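Trainee: Sequence:
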Amino acid sequence: MRPGAPLTRLFAPRAVAVVGASRDPDKVGYRVVENLLKGGFEGAIYPINPTATEILGRRVYPSLSDIGAPVDLAVIVLPAPRVLPALETCAAQGIGAAIVISAGFKEVGGKGAELEAALKKRVRELGIRVLGPNCLGLIVTDAKLNATFAKDMPPSGGIAFVSQSGALCTAALDWAVGLGIGFSALVSVGNKADLSEAEIIEVLADDPKTRVIVGYLEAVEDGQRFLAVVEKASRKKPVVFFKAGTTEGGARAASSHTGALAGADRAYEAAFKQAGVIRARSLHELFDFARVFASLPLPRGNRIAIVTNAGGPGIVAADACEGGALQLAALSESTVTALKRVLPSTASLHNPVDVIGDATAERYQAALEAVVADPGVDGVLALATPQAMTNLEKFAHAVVEVGSGARKPVLAVFMAEASLKEANRILLRGGIPDFPFPDEAVKALDAMVRHAAGRGRAPLPDRLPADRAGVAILVKRAFDRGVITLGEAEAREVIAAYGFRGPKSVRASSASEASDAAGRIGYPVVLKIVSPQILHKSDVGGVRVGLASKEAIHEAYAQMVARAETAAPHARIEGVLVQEQVTGGREVILGMARDPQFGPLLMFGLGGIYVEALKDVTFRIAPLARAEAEAMIREVRAFPILQGVRGEAPADVAALVEDILRLSQLVTDFPEIAEIDINPLFVKPEGEGTVALDARIRLARNGDPSS
Numbered sequence: 282m283r284p285g286a287p288l289t290r291l292f293a294p295r296a297v298a299v300v301g302a303s304r305d306p307d308k309v310g311y312r313v314v315e316n317l318l319k320g321g322f323e324g325a326i327y328p329i330n331p332t333a334t335e336i337l338g339r340r341v342y343p344s345l346s347d348i349g350a351p352v353d354l355a356v357i358v359l360p361a362p363r364v365l366p367a368l369e370t371c372a373a374q375g376i377g378a379a380i381v382i383s384a385g386f387k388e389v390g391g392k393g394a395e396l397e398a399a400l401k402k403r404v405r406e407l408g409i410r411v412l413g414p415n416c417l418g419l420i421v422t423d424a425k426l427n428a429t430f431a432k433d434m435p436p437s438g439g440i441a442f443v444s445q446s447g448a449l450c451t452a453a454l455d456w457a458v459g460l461g462i463g464f465s466a467l468v469s470v471g472n473k474a475d476l477s478e479a480e481i482i483e484v485l486a487d488d489p490k491t492r493v494i495v496g497y498l499e500a501v502e503d504g505q506r507f508l509a510v511v512e513k514a515s516r517k518k519p520v521v522f523f524k525a526g527t528t529e530g531g532a533r534a535a536s537s538h539t540g541a542l543a544g545a546d547r548a549y550e551a552a553f554k555q556a557g558v559i560r561a562r563s564l565h566e567l568f569d570f571a572r573v574f575a576s577l578p579l580p581r582g583n584r585i586a587i588v589t590n591a592g593g594p595g596i597v598a599a600d601a602c603e604g605g606a607l608q609l610a611a612l613s614e615s616t617v618t619a620l621k622r623v624l625p626s627t628a629s630l631h632n633p634v635d636v637i638g639d640a641t642a643e644r645y646q647a648a649l650e651a652v653v654a655d656p657g658v659d660g661v662l663a664l665a666t667p668q669a670m671t672n673l674e675k676f677a678h679a680v681v682e683v684g685s686g687a688r689k690p691v692l693a694v695f696m697a698e699a700s701l702k703e704a705n706r707i708l709l710r711g712g713i714p715d716f717p718f719p720d721e722a723v724k725a726l727d728a729m730v731r732h733a734a735g736r737g738r739a740p741l742p743d744r745l746p747a748d749r750a751g752v753a754i755l756v757k758r759a760f761d762r763g764v765i766t767l768g769e770a771e772a773r774e775v776i777a778a779y780g781f782r783g784p785k786s787v788r789a790s791s792a793s794e795a796s797d798a799a800g801r802i803g804y805p806v807v808l809k810i811v812s813p814q815i816l817h818k819s820d821v822g823g824v825r826v827g828l829a830s831k832e833a834i835h836e837a838y839a840q841m842v843a844r845a846e847t848a849a850p851h852a853r854i855e856g857v858l859v860q861e862q863v864t865g866g867r868e869v870i871l872g873m874a875r876d877p878q879f880g881p882l883l884m885f886g887l888g889g890i891y892v893e894a895l896k897d898v899t900f901r902i903a904p905l906a907r908a909e910a911e912a913m914i915r916e917v918r919a920f921p922i923l924q925g926v927r928g929e930a931p932a933d934v935a936a937l938v939e940d941i942l943r944l945s946q947l948v949t950d951f952p953e954i955a956e957i958d959i960n961p962l963f964v965k966p967e968g969e970g971t972v973a974l975d976a977r978i979r980l981a982r983n984g985d986p987s988s
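Residue numbers (our numbering): 282 to 988.
Keep in mind that the hints were calculated from the coordinates and are not lab data.
Quick caveat, the model's predicted, so the values are computed rather than measured.
Listed below are the simulated DSSO-like cross-link pairs for lysine-lysine, each with C-alpha atoms no more than 27 Å apart in a straight line:
id: 1; residue 1: K490; residue 2: K319
id: 2; residue 1: K319; residue 2: K432
id: 3; residue 1: K432; residue 2: K308
id: 4; residue 1: K308; residue 2: K425
Using the sequences provided together with the hints, build the complete structure.
Mentor: What follows is the structure, encoded as structure tokens:
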């Protein structure tokens, strides 16, 4: 591993000091020294303990200042109150990096949190880089560096594992050692007082030994920084994360549909999609994906072939393929001809290829060779079940023989347990990932296809025309008046400045003014109650549509005001908005709620009054590329409605894409916008554009969503 200069001392140290080394085998300070020695670290190792003279045959030094030689990395295993003084000494001795394994910091709250805050501030002043505190440590196999208190050192390989949980690091190590799967690095980031997973990923992305970066994530502090780093890393190699804490709700007190629907997990889901991160839905998937990315070539496309000695599992695998990004490959005529030569007449010669239960390993291998050679096949699932005539060990050798030389991924699915142990060892030694069931293998192959297709994402679009200065004036005017919630009229002014088209609208403070306005606009019209305190007008009977006469307007005005006063007695009723009634389109919603970690979280989905009930929505983080805006529209279940069903004309999806980009630009330009809903946005037939029928905006000073 050849990291950049700031972290070279951490990942490739020439000398390591263990501050808090111990003679007691049950102490962490003993285990760290032992692991450095057992791992074969070739640099100098300096145990530090003022009361000992020798540990594990190594001379012990009373203090760092007694070493008298350069040290790159210090591993600190002292009680929490003594850690910061030790770091001060490290800086004074020119030690550029430290791993603080010690616990007792912010994870315990109170005094521990105060100690961590002081440590965080001071190490930045000192210029020393710190991993931890409260972490397992660091392993770099290429450097033979095991600076942890774990019991194992994994073999060298292509997986880099980054985790906020030290316990999961030990579980990953046990898994790797048990299966003989190699790691390039294992990094336990702990409390992240200084170094975060983003900086670690930057190093791993440039490491030629690392083929895939996988990790366990609980939370990130600087979402925009994390997003930029992992997006860049995923262009170079696969990045796979398991995100814990998915049930955590958003921290905001939401006043918009978007804010109500956007929780912490929604933001991470959007961030992962935009950055090209493969999201594992379980720890089992995380390790499955790690195996396939580390050992197999990426597929060139999504066309998958299945070779099996049992029809049922082949059908199960085929069904699983159709449920994701994969599709079953159509075998070429020459492949079918080749299969005819090696398979009995009862065999299935089309995908899935069933070699029949009495197949020998030779027949199975011949079928695999024919299918793998087909240029229309991008990946292969080799299925086998323990039939009476089946020698699984020979089948495993056949899969290794074909798969190890292939330029496309070949995954084994050997559906057995009691008779599988030796076959499994053969597959592992041959670098072929093996799965017990077809759906697990399909998920792993699907992840590979999605990563291969997602590399090289589009750049941000050019700026769209907008009156940025005009919106700045509107925002300042609102703050000057002490207003943070913009009603429909003011909100529509804001979005109009960024190119959104709205219906003809006139504000009226009496029934007579409303009927006069309707005459100028043209019947039928819509009436909406106007009150800064009433955001969801439908909830208080504050919207009436299809009003086609002066009498209907007078009656509707009186009823709306009375209902609003009853439902919201403290609200200030300022009249109504008389609006052109727009017809001939589909209702969608656009919105944004500012996430504490990632910033502006855009939402798109089915609009109108049912959005919170149906929750047919998708999210991205602004600013976003045109391709991401298009993907948002395609992701919702209601997308076929926009395409046109039962003879309906398709909606103007191109105009909708432009609107998403306009909203992205608006909320990026103005961090003062904490939440915004444009609901409903009426998408008219193709070529006719969109109309924003309603909008509301909540402002926040300094972009603080909680203000």
